[in-house]
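Residue numbers (my numbering), protein chains in the order written: chain A, 1 to 273; chain B, 1 to 273; chain C, 1 to 273.
Take every hint as true, because none was put in to throw you off.
Given that identical chains are not distinguished, each listed pair holds provided it fits within a single copy or across any two copies.
With a Cα cut of at most 25 Å, we get these calculated DMTMM-like pairs of lysine to aspartate or glutamate:
(1) 172 - 14
(2) 172 - 232
(3) 115 - 70
(4) 131 - 49
(5) 131 - 53
(6) 181 - 151
(7) 2 - 151
(8) 4 - 232
For the record, the hints were derived by calculation from the structure and aren't laboratory data.
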Amino acid sequence: MKEKLAAAWDRVREQRPLVHHLTNYVTVNDVANITLAAGASPVMADCAEEVAEITRLSQGLCLNIGTINERVQSSMLLAAQEATTLGHSILLDPVGAGASALRTRAARGIMEAGKVTALRGNVSEIKSLLKEDSHVQGVDAGDCLPESTEEAAHWAIAASRSLQSVIAVTGKVDLVADAEKCFAIYNGRPEMSRITGTGCQCSALAAAALAAGSEPLIAAAAAVMAMGLAGEIAYSRLQAGEGNSTYRNRIIDAIYHLSGQELAEGARYGIYG
Amino acid sequence: MKEKLAAAWDRVREQRPLVHHLTNYVTVNDVANITLAAGASPVMADCAEEVAEITRLSQGLCLNIGTINERVQSSMLLAAQEATTLGHSILLDPVGAGASALRTRAARGIMEAGKVTALRGNVSEIKSLLKEDSHVQGVDAGDCLPESTEEAAHWAIAASRSLQSVIAVTGKVDLVADAEKCFAIYNGRPEMSRITGTGCQCSALAAAALAAGSEPLIAAAAAVMAMGLAGEIAYSRLQAGEGNSTYRNRIIDAIYHLSGQELAEGARYGIYG
Amino acid sequence: MKEKLAAAWDRVREQRPLVHHLTNYVTVNDVANITLAAGASPVMADCAEEVAEITRLSQGLCLNIGTINERVQSSMLLAAQEATTLGHSILLDPVGAGASALRTRAARGIMEAGKVTALRGNVSEIKSLLKEDSHVQGVDAGDCLPESTEEAAHWAIAASRSLQSVIAVTGKVDLVADAEKCFAIYNGRPEMSRITGTGCQCSALAAAALAAGSEPLIAAAAAVMAMGLAGEIAYSRLQAGEGNSTYRNRIIDAIYHLSGQELAEGARYGIYG
Numbered sequence: 001m002k003e004k005l006a007a008a009w010d011r012v013r014e015q016r017p018l019v020h021h022l023t024n025y026v027t028v029n030d031v032a033n034i035t036l037a038a039g040a041s042p043v044m045a046d047c048a049e050e051v052a053e054i055t056r057l058s059q060g061l062c063l064n065i066g067t068i069n070e071r072v073q074s075s076m077l078l079a080a081q082e083a084t085t086l087g088h089s090i091l092l093d094p095v096g097a098g099a100s101a102l103r104t105r106a107a108r109g110i111m112e113a114g115k116v117t118a119l120r121g122n123v124s125e126i127k128s129l130l131k132e133d134s135h136v137q138g139v140d141a142g143d144c145l146p147e148s149t150e151e152a153a154h155w156a157i158a159a160s161r162s163l164q165s166v167i168a169v170t171g172k173v174d175l176v177a178d179a180e181k182c183f184a185i186y187n188g189r190p191e192m193s194r195i196t197g198t199g200c201q202c203s204a205l206a207a208a209a210l211a212a213g214s215e216p217l218i219a220a221a222a223a224v225m226a227m228g229l230a231g232e233i234a235y236s237r238l239q240a241g242e243g244n245s246t247y248r249n250r251i252i253d254a255i256y257h258l259s260g261q262e263l264a265e266g267a268r269y270g271i272y273g
Numbered sequence: 001m002k003e004k005l006a007a008a009w010d011r012v013r014e015q016r017p018l019v020h021h022l023t024n025y026v027t028v029n030d031v032a033n034i035t036l037a038a039g040a041s042p043v044m045a046d047c048a049e050e051v052a053e054i055t056r057l058s059q060g061l062c063l064n065i066g067t068i069n070e071r072v073q074s075s076m077l078l079a080a081q082e083a084t085t086l087g088h089s090i091l092l093d094p095v096g097a098g099a100s101a102l103r104t105r106a107a108r109g110i111m112e113a114g115k116v117t118a119l120r121g122n123v124s125e126i127k128s129l130l131k132e133d134s135h136v137q138g139v140d141a142g143d144c145l146p147e148s149t150e151e152a153a154h155w156a157i158a159a160s161r162s163l164q165s166v167i168a169v170t171g172k173v174d175l176v177a178d179a180e181k182c183f184a185i186y187n188g189r190p191e192m193s194r195i196t197g198t199g200c201q202c203s204a205l206a207a208a209a210l211a212a213g214s215e216p217l218i219a220a221a222a223a224v225m226a227m228g229l230a231g232e233i234a235y236s237r238l239q240a241g242e243g244n245s246t247y248r249n250r251i252i253d254a255i256y257h258l259s260g261q262e263l264a265e266g267a268r269y270g271i272y273g
Numbered sequence: 001m002k003e004k005l006a007a008a009w010d011r012v013r014e015q016r017p018l019v020h021h022l023t024n025y026v027t028v029n030d031v032a033n034i035t036l037a038a039g040a041s042p043v044m045a046d047c048a049e050e051v052a053e054i055t056r057l058s059q060g061l062c063l064n065i066g067t068i069n070e071r072v073q074s075s076m077l078l079a080a081q082e083a084t085t086l087g088h089s090i091l092l093d094p095v096g097a098g099a100s101a102l103r104t105r106a107a108r109g110i111m112e113a114g115k116v117t118a119l120r121g122n123v124s125e126i127k128s129l130l131k132e133d134s135h136v137q138g139v140d141a142g143d144c145l146p147e148s149t150e151e152a153a154h155w156a157i158a159a160s161r162s163l164q165s166v167i168a169v170t171g172k173v174d175l176v177a178d179a180e181k182c183f184a185i186y187n188g189r190p191e192m193s194r195i196t197g198t199g200c201q202c203s204a205l206a207a208a209a210l211a212a213g214s215e216p217l218i219a220a221a222a223a224v225m226a227m228g229l230a231g232e233i234a235y236s237r238l239q240a241g242e243g244n245s246t247y248r249n250r251i252i253d254a255i256y257h258l259s260g261q262e263l264a265e266g267a268r269y270g271i272y273g
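Bound conformation, chain A alone (with noise of 0.2 Å):
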């Protein structure tokens, strides 16, 4: 498994794909260097007369609805809707989902119009996208998954069942998880949430080594990886006085240097289902 992990991360390099980003505009700048810095390429397009030439020219598209308005929630439809029809990989990041109404019905309408490849988000987001008549709603009420990691790694096996997409669920422990299995990982910090933006940088990477080829589960999985390694990475480089700010650029450095056989070295998880 860890070589598999490790040649889903050096592949982006390799295939250096091009990811047509719709995206927020608060971490916009952080999610294209970061893609940058994973090697592949990224490019931001939301214009509704041009949406579909841009993701025509990609390799992957990447949805995130952290900003969401009517005019880009249409663009993001009709990117969906292009990028099924070529076969491309779709990463949505349903930011805010069930916090309001408008978020949870774009992200769920962009689950219609596409065929999402894999959902990031945290337990709340992921819960509201789930129908509320399903079995795996009503198990786990409220934002809280089950104490126990394997039954967490059980829960999110049926939510990619039942959302018929692979689900990168982070949070104190990362459930990455498809309809048959589920990696639950350890790395990360807690310092990375006061950062704007490190689930969106970490859909990014997720969403290059899709377009890269990568198998999905493996694919955000190494991204859920890399991403908690590079937290800890630029944490321990972090010089007295530095802040939340520094701490952003040396998480985008660490993952401008890591390489796939040290993603291997230093990925921390197990595998349920």
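Fit chains B and C to the given chain A structure using the hints.
Here is chains B and C on its own, set in the frame of chain A:
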């Protein structure tokens, strides 16, 4: 007074308020990171369809018209109305008011739609919001303040009365006034003006301190002192060859580590009125 | 020539021009900070209602179509018309022209609406703006330039004539040409392409130098040299473990400290034509 200022600053980390920002796309990432550095959480959402919902989830509102357009202007009015209904604090940064008719009108419209708790801007922005026939405007035409700090402080108190809001007028000396009292604050470095968005970031700190529930005058004064002090701390840490981009990071880093006690010890100010 | 280049660079700090930017939301913060680093001031405003007013307050215009949409496209036309009426310099960065019909049309529309002083882009962007039937396009199909620098320089002079604008074509060797003369510039580092927005930042420097009132060819050449030289200086300062995010900061920092004399001493170029 020092204890009150320290308490207002520490209260942000204790309360961890969620602050709803409708802001410009130039400095939004720094605004989010400095909000997190101070211990609050930012949420950016500007679509009319969801803006009131997001305001309801939050504890305070921060409106910044730096890159305003008609769509976002409408959303700001909805957010201001909702925040006022809920009794939330509203910080308005009237970027460029006076420089274009749109901006002056947008800022005034927000002040009519909602109860603005505090305004932060430079002197020309604040002056543009004073009614044309007001006594305050008549006395001090142009973009200058009286040279005597005492006279400037009394101008600020009069302006605060006229605007029915705490005002933070940042410049060579920063003035933070309510209807009774004015802080003249001497912290800061001239090099801060070579970084884009230090004003926006100061507004974000004030919005966070207001959302944490402190008395508006004290909250705004503590934020202005914190920003100036962080500019001093960060400047002292600059190494050879470092310029405005690294200085920006080091200022946010300094906020990340600044305690209420350090703020009280480092603040340099007089009180008038 | 070295004296003219140094003078064009120093003139930005002497004149401190206000530059009106309508630009993309991916790199806008870096664009603002590098403009300040160079000694100019940026103002970002893209609402049709105020765009002409802001153009009138400024000394130069910088249009970047990196994330264009219909709303901003209209505003760019208004700004270009107003700047032309006022005799202001206009720098156009036709990001992605040739990659989508919208972008090619948007860039051409701006060139028809106003008098573009200088264009900065990569070779495929610049080529997409040449009339399809033009001799220049016919000779050099595709995204490549002649391998011989001399031939490439003569292509650039012909392209400048056809486009009736100074052109700065950045790539492995940067070409900056007007209708008579071409600088071939050898500064820069390949690692700069791993940072988002180094092209946008180079355009912002050119816009600042133009707005300061220097001769367009010299202003554009000085900006391209400054950007390349800053990339070299910043690279030499990178420490172990630092990657593209810190490199971005160090480049802006290097611009902050770069003097006209250092630019003249560090610039490596030939002149053709």
